[in-house]
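Asker: Below are the chains, spelled out letter by letter.
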Amino acid sequence: MTNSATNLRLKLPIACIILEVIIIILFGTLVQYDDETDAKLWHKEIANGSSNYDNNFYYRYPSFQDVHVMIFIGFGFLMTFLQRYGFSSVGFNFLIAAFALQWATLMQGFVHGMHGGKIHVGIESMINADFCTGSVLISFGAVLGKTSPVQLLVMSVIEVTLFAINEFIVLSVLGAKDAGGSMTIHTFGAYFGLMVARVLYRPNLDKSKHKNCSVYHSDLFAMIGTIYLWMFWPSFNSAVTAHGDDQHRTAMNTYYSLAACTLATYGLSAVVAHDGKLDMVHIQNAALAGGVAVGTAGEMMLTPFGSMIVGFLAGTVSVLGFKFLSPILEQKLKIQDTCGVHNLHGMPGVLGAIVGAVTAALATKDVYGDGMADVFPDIHSGDVEASFQGVRQAISLAVTLGIALLGGLITGFILKLPIYGAPPDTICFEDGIYWELPGEEGSQEELTTVRTPDEAEKLNA
Amino acid sequence: MTNSATNLRLKLPIACIILEVIIIILFGTLVQYDDETDAKLWHKEIANGSSNYDNNFYYRYPSFQDVHVMIFIGFGFLMTFLQRYGFSSVGFNFLIAAFALQWATLMQGFVHGMHGGKIHVGIESMINADFCTGSVLISFGAVLGKTSPVQLLVMSVIEVTLFAINEFIVLSVLGAKDAGGSMTIHTFGAYFGLMVARVLYRPNLDKSKHKNCSVYHSDLFAMIGTIYLWMFWPSFNSAVTAHGDDQHRTAMNTYYSLAACTLATYGLSAVVAHDGKLDMVHIQNAALAGGVAVGTAGEMMLTPFGSMIVGFLAGTVSVLGFKFLSPILEQKLKIQDTCGVHNLHGMPGVLGAIVGAVTAALATKDVYGDGMADVFPDIHSGDVEASFQGVRQAISLAVTLGIALLGGLITGFILKLPIYGAPPDTICFEDGIYWELPGEEGSQEELTTVRTPDEAEKLNA
Amino acid sequence: MTNSATNLRLKLPIACIILEVIIIILFGTLVQYDDETDAKLWHKEIANGSSNYDNNFYYRYPSFQDVHVMIFIGFGFLMTFLQRYGFSSVGFNFLIAAFALQWATLMQGFVHGMHGGKIHVGIESMINADFCTGSVLISFGAVLGKTSPVQLLVMSVIEVTLFAINEFIVLSVLGAKDAGGSMTIHTFGAYFGLMVARVLYRPNLDKSKHKNCSVYHSDLFAMIGTIYLWMFWPSFNSAVTAHGDDQHRTAMNTYYSLAACTLATYGLSAVVAHDGKLDMVHIQNAALAGGVAVGTAGEMMLTPFGSMIVGFLAGTVSVLGFKFLSPILEQKLKIQDTCGVHNLHGMPGVLGAIVGAVTAALATKDVYGDGMADVFPDIHSGDVEASFQGVRQAISLAVTLGIALLGGLITGFILKLPIYGAPPDTICFEDGIYWELPGEEGSQEELTTVRTPDEAEKLNA
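These protein sequence lines map, in sequence, to chains A, B and C. Residue numbering for the first sequence follows full-length UniProt numbering, beginning at 1 and increasing consecutively. Residue numbering for the second sequence follows full-length UniProt numbering, beginning at 1 and increasing consecutively. Residue numbering for the third sequence follows full-length UniProt numbering, beginning at 1 and increasing consecutively.
Next up, chain A with everything else stripped away, as it sits in the complex:
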């Protein structure tokens, strides 16, 4: 499977090393410890009466580590369902995540405000960088198996930049709330990736069709990813919400939403799948839609009851999407969405944005009390009415969709240039094109080595 066009000996090292050198130079020029990671500054705060447990590290680090697991294990293994693309799924996920989190630190630092010309970093910037990375990995899911790692790095450069701009518009300009990223992470990542997939449409992809499916153990590896995403989604949605009741409530709303979503997914899967059997694709993906769909409203007073209804709807929409919408997307709209990110992140993300807008519009002082200051500071301060907050949320969804689709379009055309070592149609979904694969000799398979009749006859003779 050697092919000069897909040979990465020069392309990948150039991409990796140039990007890393640029990052290191920018970090050297621009990045500083924030007050809570700097030895001198934190000890000044200590001298002024702070205690070490006031350090934001202790409020956020456990959540950060859960998010980190979702990014590297969750997304990475979720995509190992393909029979011969496990090295690339985990491996390229690892590469682009390690790149994107650095780039995101810079881009988010630029747009969210510098401090005296410097970007300040600490546990919250680490979480936000991981969040932005998540968005890139969602887009990766749409183009999985059809792109080279160089293409993925180029995509990451652009997507992270646009993510930071969109996030700034949504959260800072429009004043919307989106702690778990139904809009900024899931909707953005999904529609960006779907548009890239549209531009990179391969009419002859069915030449690799026999590899675009799972085997028994690859589906089990994928379940590692699914379960980790499912378990730690409460940490994802609550990682950057305000301290205290906000983190507590967000984690709990997400927990209930996911549980209800899972029941809906199993129920619906048995209805729509072949022969009344369960379909692993639904379980691996749709059961997670409940986490996506409370990404915006999770920090609000959605109540466990509301969370469960949202989760139930999200699971339902997601399974039906896999069954009925994905084939249409592929055949009519020419979007080959390898992992079905439209069903897991796209539609549930839009649902989450709508739920967030409605929940925000219904916010009352009576329900939130002084907690209004944390969840909706502008309503609390009297700057806006709750109904207008709902409008801002809705506008944010539209902006996010617009930037994602336009950005994906442009990125798709850039990635179409024939210089990145993309795989030919005949060897998509195949690790062998980019990875040295272990020889089959001496392997377990040897135990069932097949001999031609001639060889076998000689042995029997």
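Quick caveat, the hints were computed from the structure, so don't treat them as lab data. The model shown is predicted, which means the values in this text are computed figures rather than measured ones. Among the hints, erroneous ones may be present.
Since the list gives no way to pick one copy over another, a pair counts as held whenever it fits inside one copy or between any two copies.
As the list claims (entries may be wrong) - The calculated SDA-like cross-link candidates involving lysine to any residue, where the alpha carbons are at most 20 Å apart (straight line), are:
1) 332 / 115
2) 209 / 331
3) 323 / 365
4) 332 / 203
5) 11 / 271
6) 211 / 436
Model the placement of chains B and C on the given structure of chain A, informed by the hints.
Answerer: Chains B and C alone, transformed into the frame defined by chain A:
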């Protein structure tokens, strides 16, 4: 492998959706945020001088997430050891856990006391719901491979309810201590499940015997479950103990118990297994018995020394159980215990209850100081003598065994009704009956495709 | 594969049970709860005004659990890359880690100071025991596949003891800083293990050569180990640093170092590997070198910029080591380093020690402020100059190398005694020698069972 009796197209959706709708209605009617998750109420506490780090979320959420991993990854993957039952092991574990944690929130809320007609939820109710779920998953281990997901959901409905009642009697009526659930979780789950397995006895199960064993990689997947259970057991046992020294001590006692248990397990396994080789079944299961056996006494002043002795005994009992007792259970008592839950949860749970009773009976003010108020509030207040606390612990074990066995008996007969799509004797331990399996075409196995001599000759011609 | 010399029926039980009994007796005699785990003593502190959130448990337990995952899942699964050594990789890792953490508690307690003749244990002793265990597991990597579990236990007894002595000299006598263990853990473990591997050199190891490689799914299992080590390394390096900014900064420096290291690893791997393809060995190992290389300097004011440069260098050195140095080590120096620990832990550990010495020598009051007291107490108190701290760091590296090499030499000769059931040259890297393997009958492989032409003809007839 299609069979109208086991077809789930109607049965599973009806079960999932009816149950979820009931749950959502009950949550809508009865469930409220507690003081620490409600925006208004928590901010009242803040106004009264609390700090955000007083919010119980920060004391318990890391433990909760570890428990969550044990429930979904630990139990789920531990059961993937069967060669062709990995989808069901992880997948049904996922389904019934997602259901049980919701149902448990309601049932535990009902019996443990409502607040003005409402169930209050927060991080502790989440942990307790996961604990109850663990008990159901233990029972699942006993019937693994022989039950349909509908049966498992029905079992969960009943078992969760009885769990909550038993837990209430043990902890609130009898005043016993059982933070890590040697009695309420492990003993209860094991004997409930064993009784269900007894009633569901299949005399002709040996027709599926060739599937009731592992293959090389399925044993490795199972080790993921084992190691996660082992690592996070300190969090399990300490998750709901009192803040401060209690959580700290419980985690540490469990850590030492498990370490000693592991050495005992390896030593004994080599003694009793075939040819002086180690048996994966022992390593996967018996090495965990040390966590079960300090589930009651872990929060007490058991000392590392005491914890190690208990762990060592638990590992020993567990390996010997797998070797000598399991065959007897199956042949004489007609209990087909797929995962050997009697050895991992049953006997070590009883051992843990006894250790707890003895340790409680030996409690002195001299050793516990003011810490007595956290561990044994009734002894501290002078309401009972330490020796009587020991008696209450022992009675709790008896009550737990009684409710588990009786509950399992009744549940077994309910599950025996021929309406749930249970698998026939010939296709137990087989995913294909409930799951769409990936085709083998185009798979890795293709690389070693076997041809008949005729085909091969044509190719050679 | 039964062989009386490698039969463990007596050897392993004797080793496990004698060691565990000794440990239990020593724990019974010497080990006590510390002030924060003892009910009476902690409640005295509460009475004196402490709050429960002052208990060190809440500062350190999340980090401990991450470290615990690295030790048992990270190291365990990283070594499952071998095609038929997964049971042993995870299983012996489990055994020797469970032993070593107990033994380390005792040895570190002895040398780091007893309290009134007693060893005090709490969350920090648990982390330190896990750290020491990590060192043993690094050495295990060098001899993987060529040693019996009894040899590994004997190695652990000696290595843990020497680790504790070296750690005491480096940290307490020489006053060096090494929170993440570039020297005490990685350099020590690597060179100790390499020297053991040298003494145990097997000239005829190529008889097992066909088993000393991976298969497709074994490489995916290994990636579970890699990714967990990568994700949780920030917790590893920060687990025992001072509260507040120190933990926060150390975690963040490590995060950036690893990200930069990963980009370097992918870039370099494509350069040096065959045909411009990526090599899984590099990804699985070299991408982690960035964590090793900031093990000493991570807690210092290294800056994200400095951390990235160090990580980038570490990844580069590690990939080049795998490509060019490992063959030389094997052919010229007769060191058969199964996992390439010299490239992942050896050279990056030495690099980390040097970076630590330089960073320490450059420390100024201007940069550290009052935080100097946490990072370099002796500089803060005026006892030493920063430059001298650098010298102490450098001397510590030399001492560590000396003790590791000498200790490994002696240990190697002890392990060479023909009494431990070591595998013969022909069946190294093979689980079957120490484990009951699942039968292949009834397995997935059955689906592709090979028939001889005779059999097939009968079937076709």
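Asker: Compare the structure with each hint and give your call.
Answerer: Each hint tested on the structure:
no., hint, in the structure
1, 332 / 115, "neither (49 Å within a copy, 55 Å between copies)"
2, 209 / 331, "within (15 Å within a copy, 45 Å between copies)"
3, 323 / 365, "neither (43 Å within a copy, 64 Å between copies)"
4, 332 / 203, "within (12 Å within a copy, 54 Å between copies)"
5, 11 / 271, "between (47 Å within a copy, 9 Å between copies)"
6, 211 / 436, "both (18 Å within a copy, 17 Å between copies)"
Hints 1, 3 from the list above are not met by this structure, while the remaining hints are.
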